[in-house]
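For chain A, the structure is supplied; the task is to place chain B on it using the hints.
Protein chains: 2
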Amino acid sequence: MNRQEVGLKAEEMLNELADQTRMGDEIWRYIYSDTEKKGKKIIRQWMEALGLLVIEDQIGNLIARKEGKSKETIVIGSHMDTVKDGGKYDGAGGIVIGLLALKELIESDETFDKSIEIIAFTEEEGSRFLSGYLGSKNLVGKITQLELNDTDSDGISLKEAMISNGYDPEKLPKEKRRDVAAYLEVHIEQGPVLETLRHDIGIVESIVGIRAFDITIKGRQDHAGTTPMDIRLDPVYAASKFISETTDYVRRLSKTATFTIGAMSVLPGVSNVIADSTNFSIDLRDRSEEDLVNVTDRIYESLGSLEEQGYAVTIKLLCAEEPVDLDSRLSDFMYDKSQNLGLRTMKMVSGAGHDAQIIAPHIKTGLIFVPSVKGRSHSSDEYTKSYDLGNGVLLLATILKEMLQGEFDV
Amino acid sequence: MNRQEVGLKAEEMLNELADQTRMGDEIWRYIYSDTEKKGKKIIRQWMEALGLLVIEDQIGNLIARKEGKSKETIVIGSHMDTVKDGGKYDGAGGIVIGLLALKELIESDETFDKSIEIIAFTEEEGSRFLSGYLGSKNLVGKITQLELNDTDSDGISLKEAMISNGYDPEKLPKEKRRDVAAYLEVHIEQGPVLETLRHDIGIVESIVGIRAFDITIKGRQDHAGTTPMDIRLDPVYAASKFISETTDYVRRLSKTATFTIGAMSVLPGVSNVIADSTNFSIDLRDRSEEDLVNVTDRIYESLGSLEEQGYAVTIKLLCAEEPVDLDSRLSDFMYDKSQNLGLRTMKMVSGAGHDAQIIAPHIKTGLIFVPSVKGRSHSSDEYTKSYDLGNGVLLLATILKEMLQGEFDV
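Line order of the protein sequences matches chains A and B. According to our numbering, the residues represented by the first sequence are 1 to 410, in order. According to our numbering, the residues represented by the second sequence are 1 to 410, in order.
Derived by calculation from the structure, the hints in this document are not laboratory data. The model shown is predicted, which means the values in this text are computed figures rather than measured ones. Do not take every clue at face value.
Since copy identity is lost for identical chains, a pair holds within one copy or between any two.
In silico BS3-like pairs for lysine-lysine, Cα to Cα no more than 25 Å straight-line [stated by the list, open to error]:
id : residue 1 : residue 2
1  : Lys374    : Lys218
2  : Lys218    : Lys84
3  : Lys316    : Lys241
4  : Lys174    : Lys142
5  : Lys103    : Lys171
Okay, chain A solo, but in the shape it has when bound (with noise of 0.2 Å):
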């Protein structure tokens, strides 16, 4: 194949999909959004031009299928949905690097002695409902109550949401997929880690651990120039210091975890009235499951004292997710895959989630990483090279060639 075309055909096909799913400026396609809908349109399209039967599951995913003589499956999978003006690379690289080298497979004569498939997953991000990996979570059948009473800013519930779009949420238990081999997804690595040492490629071995928490400070709202700072009770003031005192620990504690706030609102927000109250989240990450509890003992503490002082405080767990660890010998596989075909490769933690995260504890899976310049993502900004995009179609080319052939035993 010729690497470079390739990967001009990739940027071609990114580009298109992102230019015909923008809100406004922005891309973002979150779960049954009418930019999603319109992706998913020329999906399909992309996957029936290869000759695949498309289908589309209970949840929303796209399945496109080409039929081995083996019922047993391969996917590949990425994610078609983006966070709020996101970039153009994020999810969709995934899906588009596995439809390019599935037609190399295809216009190869390779052949499929199992089947393939390609699933384009909704709604990894969590960017309409708090929880994410809709898609994923369908296919290992771990999309339980919970997931289907979130509720979305409008108080729609995912429920709801399927129902009005034509899903039905009976069904989503017979969806359960236990025909599948080995899961493969390729995805831009979101950090700057390959860029920094001029590494192609990346061979995730394990994946962080994440606690999100959505915490409320409640204070007391008074007059910003009449009341003595030493009887308020400053919600804004509270959390500024919790949140400097915390990262600093977090930054003494561990050399990779990672803790963030990246929302955060102050009520009423009147430049002279000391708050009511301040809402913020909390993004905490590591692949050390112990630092992960030492951060987590540590945020309880801390907001605890808060209260002692007479705030009132909430704390809200959204998501406790371990850190997991992908299969070893198909990374050995993969890694050794890449390094024959030239490419430079290291091994790596991701410290994005992924659908692939969902699916290892039930499925073998194996996640290759390709580079993000200055490690930007979730933003405009977001770029991967096409020579990189070539090498990841190049490198997952060969990858399933030799699972078809029976060179990596599923």
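Leaving out everything else, chain B in the frame of chain A:
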């Protein structure tokens, strides 16, 4: 006079004014609003019922005059406007107390050697335009092109709003008053000091100076999970560290200074994205100009050091009002009169801005505080007991009587 009856009358008048001037559930009388117009009608009726000559000046202040033997005039003033979702007492309390005190004098056949005016000022709060104190500024000839060009949230300038409401901006300079011997204002404290220390009356010696800033810290938007802690530019962390450290500094520096972050927003505000930028307000007040300068220097220094780390910081100084000392001879006189009436009286500093601070540099000015229950103000919880309103009327009537009789040489 029957202090209790007068207090209940004041309460009744304040309830009437509030009930007639709601927008939906909220009290909000901003300049030239329908609710302010309704409020003006009611206040004009109260003024005319005392046999006063009522005129309106070109900014929209209501001026009610009791002609005396001399043109020399004592002005009693307070504002009729309110903040959004304001209380019944802030501003309006002083008008009603002034009217009831003047009623007392008229009914007791007092000899009016001097003239007395009650002025209901418009737009002290600045809840439509950024600049407040518009009514009192007009009294001392301080409405400039800056105020006239100020625009509201719909982009309408004060000048345009004046003209479309039948006022003539050209005539403002002619309205500067040169005949006012003394200005007296009664206001609710809007803070908890009088209640906490169990005092009936506060005699204000000085009004704090204010610096208000609008701060934006721009960092670099990145993925929360994949960007190592030591290479991020997280504006929420930077802002939190700044807010907590500067607050601690202010508390160490001064017992009287206040430092408040009442409004804060984070963009794009997504839990798993390191923010691009954060914007927040600073409200800094103190009676000491020196300390205001010290804290301001510290603010510029701390935020400047963020620039060195790679953040881009924008500092907008929205207002810089110097502390104002009120007339000490008048304050001493009012303090003595209050003590003589058996009222528990203290001298104090005002942490809130008042029309008095605009007028004090030009006219001998006295400011009297009555207690606010729990210090609550700028909210529907604002409350001052009828007992305390009655004390205000009694004290103001006593002071006016002595002034008319020449006991205090204005």
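To see whether the hints hold, each was checked on the structure:
Taking the shortest Cα distances, lysine 374 and lysine 218 sit within 25 Å of each other only across copies (18 Å), while inside one copy they are farther apart (38 Å). In this homomeric assembly, lysine 218 and lysine 84 come within 25 Å of each other (Cα to Cα) only across copies, at 19 Å, whereas the closest approach inside a single copy is 28 Å. For a Cα distance limit of 25 Å, the shortest separation of lysine 316 from lysine 241 qualifies both inside one copy, at 19 Å, and across copies, at 24 Å. Only within a single protomer do lysine 174 and lysine 142 lie at most 25 Å apart by alpha-carbon distance; the minimum there is 11 Å, versus 77 Å between protomers.
Taking the shortest alpha-carbon separations for lysine 103 and lysine 171, neither the intra-copy value of 32 Å nor the inter-copy value of 79 Å comes in at or below 25 Å.
Figure legend: structure checked against the earlier numbered hints; the only hint not met is number 5.
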